[in-house]
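So the sequences go chain by chain: V and F.
Quick note on numbering: numbering that gives the first Met the number 0 labels position 163 of the first sequence as 162, and the sequence is numbered without any gaps.
Quick note on numbering: numbering that gives the first Met the number 0 labels position 221 of the second sequence as 220, and the sequence is numbered without any gaps.
Hints are not guaranteed to be accurate.
Within a straight-line C-alpha distance of at most 30 Å, the following computed DSS-like cross-link-like pairs (lysine-lysine) qualify [said to hold, decoys possible]:
(1) LYS404/V x LYS186/F
(2) LYS186/F x LYS77/F
(3) LYS123/F x LYS77/F
(4) LYS186/F x LYS123/F
(5) LYS46/V x LYS152/V
(6) LYS186/F x LYS118/F
(7) LYS288/V x LYS140/F
(8) LYS118/F x LYS46/F
(9) LYS189/V x LYS46/V
(10) LYS118/F x LYS77/F
(11) LYS146/F x LYS404/V
(12) LYS123/F x LYS146/F
(13) LYS146/F x LYS288/V
(14) LYS118/F x LYS146/F
(15) LYS46/F x LYS404/V
Hints were generated in silico from the structure; no laboratory data involved.
Here is how the chains run, residue by residue.
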Amino acid sequence: MPRRRRKEFTFKLLGMVATAIGIVFLGLFFASLIAEGTSAFKQTFLKLDIELSEDVLAPDGELDLAYADFDGLVRTALRAEIPEASGRRDRRELYRIVSVGAAYQLRDLIAQNPDLLGTTQSLWVPASSNVDMLIKGNIDANIEEALRPLSDKQIGWVRQLQDQGRLESRFNRALFTNGDSREPELAGIKGAVMGSVYMLLVTMALSFPIGVAAAIYLEEFAPRNRWSDLIEVNINNLAAVPSIVFGLLGLAVFINWAALPRAAPLVGGLVLTLLTLPVIIIASRAAIKAVPPSIREAALGLGASQTQVVFHHVLPLALPGMLTGAIIGMSRALGESAPLLMIGMVAFIVDVPGSLTDPATALPVQIFLWADSPERAFAERTSAAIIVLLGFLLVMNLTAVILRKRMERKW
Amino acid sequence: MTETSTDKPAPPAAPERQAEPVVEAAVLHEVPGRVTELGGVTVGNTKCENPFMVAEDVNVYYGDNHAIQNVSLEIGKKEVIALIGPSGCGKSTFLRCLNRMNDTIETARVTGNITLDGKDIYRKEQDPVALRARVGMVFQKPNPFPKSIYDNVAYGPRIHGLAADRAELDNIVHTSLERAGLINEVKDRLDEPGTSLSGGQQQRLCIARTIAVNPEVILMDEPCSALDPIATARIEDLMDELCEDYAIVIVTHSMQQAARVSRRVAYFHLGLLVEVDETDRIFTNPQHKLTEDYITGRIG
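Just chain V, with the same shape it has in the complex (with noise of 0.2 Å):
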């Protein structure tokens, strides 16, 4: 008896233990995640007094936007806060505390305001990146000036314009209305987002109605004999192929022998159809079977057909749990970022998507891009991208849930 205790103490510790290690990690995870990604959401912005000059932007008296100098706008305002940057060296690396994006600012605000040419403007511009990370505290000012990419005197005129209140973090605005860039300041997750929109809604559209469609043959109206056996051997298989063959097959049948675009959501949203098929057919089927046989029984006895006993009876009951199944298929879907990769979806894609068969890229395969980029800005806004990614995914389970709930109640 003693043993016997003692062996189920034992059990029960290292079943605790094992839980407790797995909430421990999964903690560290989003700890970490948080503590990096956080900071993505602001950004450090200048403050800078900027004279829209009629005779710097429009020299011939005609205004075109697509030439003007607006960067020249913005390099004489900063010698402007800073006039001790006078020789040619100094000057360039004063031009590098503001962000390119700065003159895109200046442009976007003439376009649309062209009253203001020859209007001196108090303007908030994105700092460049690296003094993003200075401010951040990502970037130690002690180490040897070699090491570091921020010069002595940048850091310099940096913290001169912090004692003047120039410099101020702000919410980044572009992180979530921006495609990618090359800039870590100005780049921004929106074309990424649509791109998964557009692949999901793609592989929703189509995953869903044949899945079910396949897992009610199966299970109601299929003989049962070797092919049956045979198919759900292998749907059972094809939910554990591994997703990069799917990306494989999606370029020699969808890109190479169907001619559709590359890169495109269009291709990306079929061959995640692929991927969640298996998925969404096991739990539909899982589903079917978990309707009770007496409310078949019953239908029948009352001389329903065998297709009205699925359309009234079966089909509502084992809706939610089709749904589930659905949505859990589409946050893996939403997390897939091997099979995109082989279709071309990891393109740097600056421009936002704006249909499906435009180039495109994914959330997972922008972490994935990000991830390999070298500027240090680049990691936070990974961990950025991570969070929204994970929000997604929570609340497209939570819709799962919420669903259930609402349908079962119904029934």
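Got chain V; can you put chain F on it based on the hints?
Chain F alone, transformed into the frame defined by chain V:
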């Protein structure tokens, strides 16, 4: 082809082997004038006046398992006939032949002849779906649909197109609930789910649902085995009333119930129909030793 290969050797072998202990028991309690051997012949009277459903030489196989053998039985119009017997004796199987519910089991195979109102229900042109509308079924466990009480009853009429408009459907639902003796309990909450009712009420809802499609025969597979005595009594009263319009075939494990509700009783044993007779005669003067053993509680 498989028919000849499997059923020819099976019938002589199976009953002999399985019946052995019972025959011994029969020998132990030998009473003069009783049939003791378990042969292929049914004792008593399988015929009835005014037959409505007639089963002749029905055999059912589940794969290689010969579930019932050469059963012949007539079911009269507006009579209650009870099928009794120990578990696994084939009474439910026989019941499910009568509305072709066995069709839903892939391995099941039925041979022999079953006619409803003179027409073979296993003929090619017979649609099992249409048959089940004429031969309704109530199951062992109350199994209302997870829908409102109203929709439960209205489901059958809806799929068979029995009601032309909403008013007619309302009427069918009300009459059916009334006939099932449930109307007073549920008339104010027809929109509530059928599963919210008590077990006995659920079973009466299932009966209401069955009679809503206006069947000619109602099959009941142990309809009271999941119910308490009070609910059982209500269902039995209901059967008394319903048999004025329908033929009722009831499978039951309770001999008291068989005695109370039925006019005739059929006793099944190991896939054979052993004895059929008027209820009074079966319970007072059974002709077969096995029947006597069963009703007196020696076997079963």
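Check each numbered hint against the structure and report the violated ones by number, ascending. 4, 6, 12, 14, 15
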